[in-house]
Amino acid sequence: MSRYTSITEQDLEAMLGAIGVGSVEELFADIPESVRLDREIDLPPGLSEQEVYEHLAALAARNRHADAEVGFLGAGMYDHYVPALIDNLLSRSEFLTPYTPYQPEISQGGLQVMFEFQTAISELTGLPVSNASVYEGPSAVAAAAYLAKLETRRTKLVASRGLHPHSRAALATHAVGYGMEVEEVALTGEGATDLEALAAAVDDDTAAVFVQQPNFLGTVEELGELAEAGRRTGALVVCAADPLALGILKPPGEQGVDICVGEGQTLGNRLDFGGPSFGFFAAAERFLRKMPGRIAGETRDVDGRRGFVLTLQTREQHIRREKATHNICTAQALNALAGVVYLSWLGKRGLVELAELMLRRTHYAREALGLEAINPGPVVREFAVRVPDLDGLFERARAERVNPGYRLGRDYPEYEDGLLVAITERRTRDDIDRLARLVRERAGVAA
Amino acid sequence: MSRYTSITEQDLEAMLGAIGVGSVEELFADIPESVRLDREIDLPPGLSEQEVYEHLAALAARNRHADAEVGFLGAGMYDHYVPALIDNLLSRSEFLTPYTPYQPEISQGGLQVMFEFQTAISELTGLPVSNASVYEGPSAVAAAAYLAKLETRRTKLVASRGLHPHSRAALATHAVGYGMEVEEVALTGEGATDLEALAAAVDDDTAAVFVQQPNFLGTVEELGELAEAGRRTGALVVCAADPLALGILKPPGEQGVDICVGEGQTLGNRLDFGGPSFGFFAAAERFLRKMPGRIAGETRDVDGRRGFVLTLQTREQHIRREKATHNICTAQALNALAGVVYLSWLGKRGLVELAELMLRRTHYAREALGLEAINPGPVVREFAVRVPDLDGLFERARAERVNPGYRLGRDYPEYEDGLLVAITERRTRDDIDRLARLVRERAGVAA
Amino acid sequence: MTELDPRARDEAVTIFERSRAGRRAFVPPVTDVPEVPVSELLPASQLRERPAELPEISEPELVRHYVTLSSKNFHLDEGFYPLGSCTMKHNPKLNERVAALPGNARLHPLQDPEYAQGALELMWRLQGALAEIAGLPHVSLQPSAGSHGELAGLLLTRAYHEERGERKTKVLTPDTAHGTNPATVTMAGYQVVKVGTAPDGGVDLDDLRAKATDDVACLMLTNPNTLGLFDRNIEEIARIVHEAGATLYYDGANLNAIMGIARPGDMGFDIVHYNLHKTFTQPHGGGGPGAGPIAVSDRIEPFLPTPQVLRRGGDNGAGRFVLDHDRPKSIGKLRGFQGNFGVFVRSYAYIRSLGADGLKDASQVAVLNANYLKARLAEPGIAEYLPIAFDRTCMHEFVLSGRGAKEKLGVRTLDIAKRMLDYRVHPPTVYFPLLVDEALMIEPTETEPRERLDEFADIVRAILEEAAEDPELVRNAPYTTPVRRLDEAAAAKRPVVRWWP
Amino acid sequence: MTELDPRARDEAVTIFERSRAGRRAFVPPVTDVPEVPVSELLPASQLRERPAELPEISEPELVRHYVTLSSKNFHLDEGFYPLGSCTMKHNPKLNERVAALPGNARLHPLQDPEYAQGALELMWRLQGALAEIAGLPHVSLQPSAGSHGELAGLLLTRAYHEERGERKTKVLTPDTAHGTNPATVTMAGYQVVKVGTAPDGGVDLDDLRAKATDDVACLMLTNPNTLGLFDRNIEEIARIVHEAGATLYYDGANLNAIMGIARPGDMGFDIVHYNLHKTFTQPHGGGGPGAGPIAVSDRIEPFLPTPQVLRRGGDNGAGRFVLDHDRPKSIGKLRGFQGNFGVFVRSYAYIRSLGADGLKDASQVAVLNANYLKARLAEPGIAEYLPIAFDRTCMHEFVLSGRGAKEKLGVRTLDIAKRMLDYRVHPPTVYFPLLVDEALMIEPTETEPRERLDEFADIVRAILEEAAEDPELVRNAPYTTPVRRLDEAAAAKRPVVRWWP
Ligand SMILES: Cc1ncc(COP(=O)(O)O)c(C=O)c1O
Ligand SMILES: Cc1ncc(COP(=O)(O)O)c(C=O)c1O
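If you read the protein sequences in the order shown, they are chains X, F, W and P.
Position 241 of the first sequence, counted from 1, bears residue number 241 in the working numbering, the numbering being contiguous throughout.
Position 284 of the second sequence, counted from 1, bears residue number 731 in the working numbering, the numbering being contiguous throughout.
Position 186 of the third sequence, counted from 1, bears residue number 1080 in the working numbering, the numbering being contiguous throughout.
Position 27 of the fourth sequence, counted from 1, bears residue number 1422 in the working numbering, the numbering being contiguous throughout.
Take these hints with a grain of salt, some might be off.
Stated by the list, open to error - Label pairs and their computed distance ranges (CB to CB): (1) P/Glu1509 with F/Glu672: 41 to 51 Å; (2) X/Ala68 with P/Gly1708: 23 to 33 Å; (3) F/Arg736 with P/Glu1509: 40 to 50 Å; (4) X/Glu26 with W/Leu1328: 45 to 55 Å; (5) P/Glu1802 with W/Lys1387: 40 to 50 Å; (6) X/Arg289 with P/Ala1863: 32 to 42 Å; (7) X/Ala68 with P/Asp1427: 27 to 37 Å; (8) X/Asp204 with W/Glu905: 24 to 34 Å; (9) X/Ala68 with F/Asp877: 50 to 60 Å; (10) X/Ala68 with W/Leu1099: 53 to 63 Å; (11) W/Arg1103 with X/Ala68: 51 to 61 Å; (12) P/Lys1589 with F/Gly469: 19 to 29 Å; (13) X/Pro376 with W/Lys1387: 32 to 42 Å; (14) W/Ala1362 with P/Glu1406: 23 to 33 Å.
Hints were generated in silico from the structure; no laboratory data involved.
These figures come from a predicted structure and were not determined experimentally.
A virtual CB, placed ideally from N, CA and C, is assigned to each residue, including glycine.
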């Protein structure tokens, strides 16, 4: 018997008797002999808790994590401080272990959290309706494309090259299924979406236009202008946004954006080598009945008491099946909980203070590095520079446990020497000055 | 306003109004000017959560903890694996944050845990009554002396030199208050309590005799014989025991011991640089009304339902004041919870399996080291050896992050070259072989 | 009652309504760089005019708000949760501990693989274990949940056919299929064709033969199916599907029945998804996160998403683990980064905890528990009202019909479910699968002791007795929950989906 | 009610009663050494004959048992907890995080100080902060709780007098003193002499003068005292005590009122204990752990327990931290190792979080909250029944008398407290201090928002109204708790203190 099961010899005998069979094997009689596995699966035997722990601790020790270096790596996920109360709340069985709240009477905790989450996302994005989470950032972008398809019946998607490379990749992957095509819009020499090119790309068959705020290089886009150009022919305008940056940036919903999606990791979620985090999905009122995923709604019980339920379920796969607005079922409820707790922790003023701290440090850092900026305009938390000896910088930096950032080369051949540098509240001025020193210390040359 | 308080400007105004004063300062008018502090206290200003975390993480990083070395250090606290479910349960606000359960109707969780804890301790010690915890091991020994004083009105305490040095020290410290004196009984050449010396030390004024099982050197004592000698003149026999070792050792309660106390760290508690852990205190039935500390008892509510309360409170300081059987108030409830959860996790068979694993590895280790044993007789989890080049061994071992154990010299000048080596389920045969290699590799001599 | 319980009528209050201007739980770190005015750093056009209306609350009250909310949830660590198709098995606390190790939890997804060897090795080992369990050699861990895995599966199917120059437009799904199956078909650009169910609960082979035309790309199946029955004709089904040139897709939601006993790959499935949040103990979190890795056969492998985790170099510990982005035939990325790594850690810890023998034992006990509970619920006093839908040995779950209770007692499955809430057990999945009238789909899982199963049977009996005596009692349940039955129609009619100031 | 709530009469079941032979949550690691029979390794005389009857249970059910038990506790993260003298302030989650860092939680107490510099530095810094807060220069962190600190204080007093060749036999405690004070006096070998309370709630100076004879070793005082009142005559008290050659001991349970405002050392106290589990946010844990460090003046310093944490070497970061065992005049050790280090970590984190300004603010708000709640409870409709015991500006707490309610409404303080349970707030400390008839001792703490105070006042009013209308309702409360009033007399008469098979 394993430590997770409870059937004793006595139990077994009594249970087989009640079932009316002589052995557990008989219960599997329906499985044809020919497809039965005639051997043990080839995996090591089970281990004690202590041994599993030690094995996994040894593996984890071979990763250089964000506390083990001074990292300027961002590019979609960021090293933010997650307050201790989030760990505590998320470890509570009451939040950690229930299924999706199909029985609202015994799930008011989870449902109210969803409702609060939707409220917070709506506040950040400036759009009145939000769902309770989708998987993560790039697949949220792909989900927006599907809504655009359902809404417009058109087949073309126009995406700024400022959209995260993973979002563009996910869009392309999904578009094949949707029967759509993606056209990319280049960036200007200043690292912003080329407004004219975008206007030119949008045509009558364009279902949606995708931009990102700030864009992948960190540039604060002129969102209003892009949205105006985007929706000229009736396409939906989709903005992928960093929710923390929205603390000080004008909400997409106030600038003609129809759908705002994004990656929620920055809101109280761990780095976790890329997941799980959550994606958010907010939209204008008219899309409410075409939204993907769970939505919590407020209502009353038979005694007139306020309560929350999963609502508009006729959009969803379990009711609508092949006519559903999306196939998503399990989403990211626990991660979204972290998100709304984090936002409540920051609070109205704290979000602004945090974003302003990042903003100032980011501009300070760009100056301190003294390198040619790929995007010299306004940035909030990240910026791109050209580094003459990128390999050398990495070598020097790695030796003293500094991670200079993300190399743009793989995703942007045009920025082969490009480095994307991210700043969070965890990167102090001292950290930044240290990176600047490393930049100045060309290989073999004393600073 | 700090992040832990909630009084806004508006609140303040309204509250001062309701109180009828003009300022907060007025509320302190009763404090004479002459004893008011006329400056700020000299402490740094408050820090953000992130900054506090970083500061404490930097401090913690300067400690070499049990996962950062292969340690054979025991001598009272041991590096056992604590299962993850204990962390999870102890982090629950429901267990972590309540006060002592003075209102039983809303404290049944904590009270039932105490009752279960008492049951488990009673099972281990073979004594029918246990309290709900005392501070820790050595002060539990001192508490037993106080009970002996109340019971016998005698003034002499006889303590084996096999009792933990900290227990002997605490006994001496407390004895001054009790108006008692401590006489020490030597160990034999084999590291066990000298039975004859003990018998000789016990006289008509002896209130209690203290032995430890296994003793500080790890020796399994002949407890029955010691108890018999100890109680000859009516003294109480007190045994300090390692509760894990009691998994396979004959219970003190079956060998004429009146009171069994001990350090509970080994039962699911962290090392924590020495605390908090818990002490346990179990005794024969006749001492029930003289026990120190909280005791949970079973009863019924007005509807006839089973429930638990703090019982026999007339022993305690809050009722009995200067006539109380002890002054203890806040004890170690959360640590005792870890203890009973740990014992339930191990279970009836698991405790035996774990103790047997330690037993076998301990004997294996003593042989593998190939050194002269100070206590060559039976041991369970720890043993003492003489190391010809103790300094050299420490130097070699430290360099490869091995901690060979506890040096006996400070507490036992007679074992100046003595090393106390502890084995737990976390020290594998490989670890032991490694220590043996280090022992063989005399400084400068290749193995 | 209200008199005795003065808090019984307390209303829910959102965190936003608890806000009071000026309070805070967060204090920012010191600003150590010049305090340049924001207006100098950001263009006026992109400056937020009013701060977002987030709550202002101190830490103590923030904690209380969410702790108190949490206690309104029923959860797995509280009691029995036989929610069919969801595999609500115990979530070991060990898994949370290892997932939280800084080397895992604080590892950036774009860390140079050279400095993430532990993480990549864990993924590689998990891939290997999953491949062995399903009997299909190639695994991608990337999909975020089961339905994401389904989508991946159909995109792979499309890529496979396209490479062969075949154009297929339809996907077959049984009428017992889970809703995500048909929903995915549409999203993947195919047309759904339903296949019927035979009297024994398996796929109707004649119907399948008729519909397996050569414009069919795939048959999506779960086996055991959503009735909890193993399809005895699985080999024949595979033959038919493959003859039509279609792929056979395995919805792994029910894999918990057959680990170490039979393998989808050996049955002829081409593509499998796993629900790590079901079979492999990732906690459900109230609706995620999960992970839906997929395993495929050799012919599908070239199309797997990027990146793939590979080992380069010798077996003898000298190997290095790499992320392979260079996959020319790949369908590309389904999402960002490498998937839900935190979930992988938990599931890998679970697989290593159980091992080969433990996994098989888990499936055996899951099936034993289900059949035992089925037997208990087939006793007189219950079976008249809640007959088993398909009376065969079940696998890890089974489906009852509430038809009898509806007709004889005037209480519907929904009422019975709601009354269970008062007994502090979670109701089964209800009204699914669709082809069973008033369905109750019951999956006890292997981690329940016999006492819990007996207790559940007793509860069902007690509720039916209550219904016989006083159907209104059951029809108006629950009574003891934080709220009672909620008006879902009103919620959908005039949706209130956020709080407004 | 029972009909609607079928679980209402469920009985408590202990973990032992859940045991079933053969189940297990623990699996041992592999035995990698020879499996020598136990009988060859241990003497027959010391071999256990039967295994201890510990529960046999699987992990899932073990978790459920304790999670379910936990939910029967009222706790600080659930609601208002104005338990007088206990300082139930918010317990920051940050403190738990830093205490759990492996460098703290997994550090062996006998680790060579060279490899424990971080821990020793933390202790040293905490000592410094506590010294500054109390205004006394020397700190020992060793005592395990307040009462342990008291004992240390009296043993220090004895050592001090003995060294001077003075024999003292008595210790004075006010009649308002907490029970641990007199209990400690006896344990420390002194005789208790009670000092009366003046009409203003402070120490009766005449009585003190009369009793401060030269066989008095010490006066133990808390200031503000247990009535929540600051003793305005503290300087005179100190003078009288010191003139008698006695020490003045400060019971620090009420330190939360005066941090950064006034310091015991400056008032003339010689020895102070702190309750880190009150003032400095160590969670109470349902009855511990705590820690009761002490601070002393120069003349007491030589006698402090061993070991002391000292810094050797320069201020400029070059210093090393050591454990000093070499203290010839020391009273010795009070307990094992260095004290409750895990508690020190939490309290140090708290002190650094608040800083000088924050600590002062905490005390100010604690006093503000108390006076505000006192004012709210002095309103008509309440004050007639629950008059304030000593009508002065209070400090961080205050004491009401339930005399009015008993006489006019026929409900006792106990009844009011029990009815509060139905309102989901924790009752105040009741029947203490002893000199107030039917006392209710109320300490809101600084971490409560005004709404909670108002709500509590409303609850008190509502209960008094209920009592006026139907005293039986209040006398039979509570109704909504996991159990109702328990028979404590029966429990004490025929004690059942463990479960028997
Ligand atoms: C049979 C079946 N298929 C697919 C799914 C979808 O899985 P997921 O929720 O992980 O997307 C479920 C989930 O309930 C299921 O039960
Ligand atoms: C005034 C007073 N003194 C002393 C104590 C004893 O402190 P501890 O419980 O830490 O031993 C208390 C605890 O309630 C108290 O309130």
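Verification of the supplied hints:
1. P/Glu1509 with F/Glu672: 41 to 51 Å: 42 Å, holds
2. X/Ala68 with P/Gly1708: 23 to 33 Å: 30 Å, holds
3. F/Arg736 with P/Glu1509: 40 to 50 Å: 49 Å, holds
4. X/Glu26 with W/Leu1328: 45 to 55 Å: Since the Cβ atoms of X/Glu26 and W/Leu1328 sit about 31 Å apart, the hinted range of 45 to 55 Å is violated.
5. P/Glu1802 with W/Lys1387: 40 to 50 Å: Violated, since P/Glu1802 and W/Lys1387 (Cβ atoms, about 57 Å apart) do not stay within the stated range.
6. X/Arg289 with P/Ala1863: 32 to 42 Å: Violated, since X/Arg289 and P/Ala1863 (Cβ atoms, about 55 Å apart) do not stay within the stated range.
7. X/Ala68 with P/Asp1427: 27 to 37 Å: Holds: the Cβ-Cβ distance is about 32 Å, inside 27 to 37 Å.
8. X/Asp204 with W/Glu905: 24 to 34 Å: 51 Å, violated
9. X/Ala68 with F/Asp877: 50 to 60 Å: At 26 Å between Cβs, range violated.
10. X/Ala68 with W/Leu1099: 53 to 63 Å: Holds - the Cβ-Cβ distance for X/Ala68 and W/Leu1099, about 58 Å, lies within 53 to 63 Å.
11. W/Arg1103 with X/Ala68: 51 to 61 Å: 60 Å, holds
12. P/Lys1589 with F/Gly469: 19 to 29 Å: At 39 Å between Cβs, range violated.
13. X/Pro376 with W/Lys1387: 32 to 42 Å: Roughly 52 Å apart at Cβ, these two residues miss the hinted range, so it is violated.
14. W/Ala1362 with P/Glu1406: 23 to 33 Å: 27 Å, holds
In summary, the structure is inconsistent with hints 4, 5, 6, 8, 9, 12, 13 from the numbered list given earlier, while agreeing with the others.
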